[in-house]
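Since chain X is already given, all that's left is putting chain E on it; use the hints.
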Amino acid sequence: QKEVEQDPGPLSVPEGAIVSLNCTYSNSAFQYFMWYRQYSRKGPELLMYTYSSGNKEDGRFTAQVDKSSKYISLFIRDSQPSDSATYLCAMNRGSNYKLTFGKGTLLTVNP
Amino acid sequence: EADIYQTPRYLVIGTGKKITLECSQTMGHDKMYWYQQDPGMELHLIHYSYGVNSTEKGDLSSESTVSRIRTEHFPLTLESARPSHTSQYLCASSAPALTGWGSPLHFGNGTRLTVT
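Chains as they are written, first to last, in my numbering: chain X, 34 to 144; chain E, -17 to 98.
Each hint should be verified, as a subset may be incorrect.
Here are the simulated BS3-like pairs of lysine-lysine, each with C-alpha atoms no more than 25 Å apart in a straight line [as the list claims (entries may be wrong)]:
1) E:Lys0 with E:Lys39
2) X:Lys131 with E:Lys13
3) X:Lys35 with E:Lys39
Note that these hints are calculated values from the structure, not bench results.
Next comes chain X alone, as it looks inside the complex:
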């Protein structure tokens, strides 16, 4: 069983839609959770991070963690064509541990 599972999509939505991206994990030792965004032909860039169960909001983006279910989500409100990218979840046990990535979900927002 992979430590991190992420549906690769692809996911196609109309502009303005609410997007939900999800990952599940099996290792209960994971404490810190991140979302990276990767545009086509670019390297990933950190979008959000969180370490506790609950929600963290940053503009149109909300990261949600449910440690009891080992489930994390990224919500995008009022999605824009510029949000079209691959979104990768990542997690680790702490700063001395390497990141484990999901496969990434390819999102296309159509104008």
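Same frame as chain X, now just chain E:
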């Protein structure tokens, strides 16, 4: 704008050739990493370095080697390229951890290697 640079962006090379993928960063980060990324697959760590003259193998076995003679430079070398080495190679760096989770990885834009 990326402060971590990878060259070349694209490389097509024949089997058996020796290649070096270049990675340089201008942020003064001690930690540097090489990841391999294939379509529909997770990013896999193949090498990392926590400072000059420090290199370690990552989670994914790789026939490549790395060196870290200068803080800003972390090249990856394949002595004899094979078609199985065809992949995208991403270099990254990170600053010292200020919080429990660490600090963000700053990625370059990758080198897409094709071995024919």
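Okay, the hints, checked on the actual structure:
1. Between Lys0 of chain E and Lys39 of chain E the alpha-carbon distance is near 20 Å, which keeps this suggested pair within the 25 Å criterion.
2. Taken as a hint, the Lys131 of chain X and Lys13 of chain E pair is honoured in the structure, with Cα atoms around 12 Å apart against an allowance of 25 Å.
3. For the suggested pair Lys35 of chain X and Lys39 of chain E, the alpha carbons sit about 20 Å apart, so the restraint of at most 25 Å is met.
The structure shown violates none of the earlier numbered hints.
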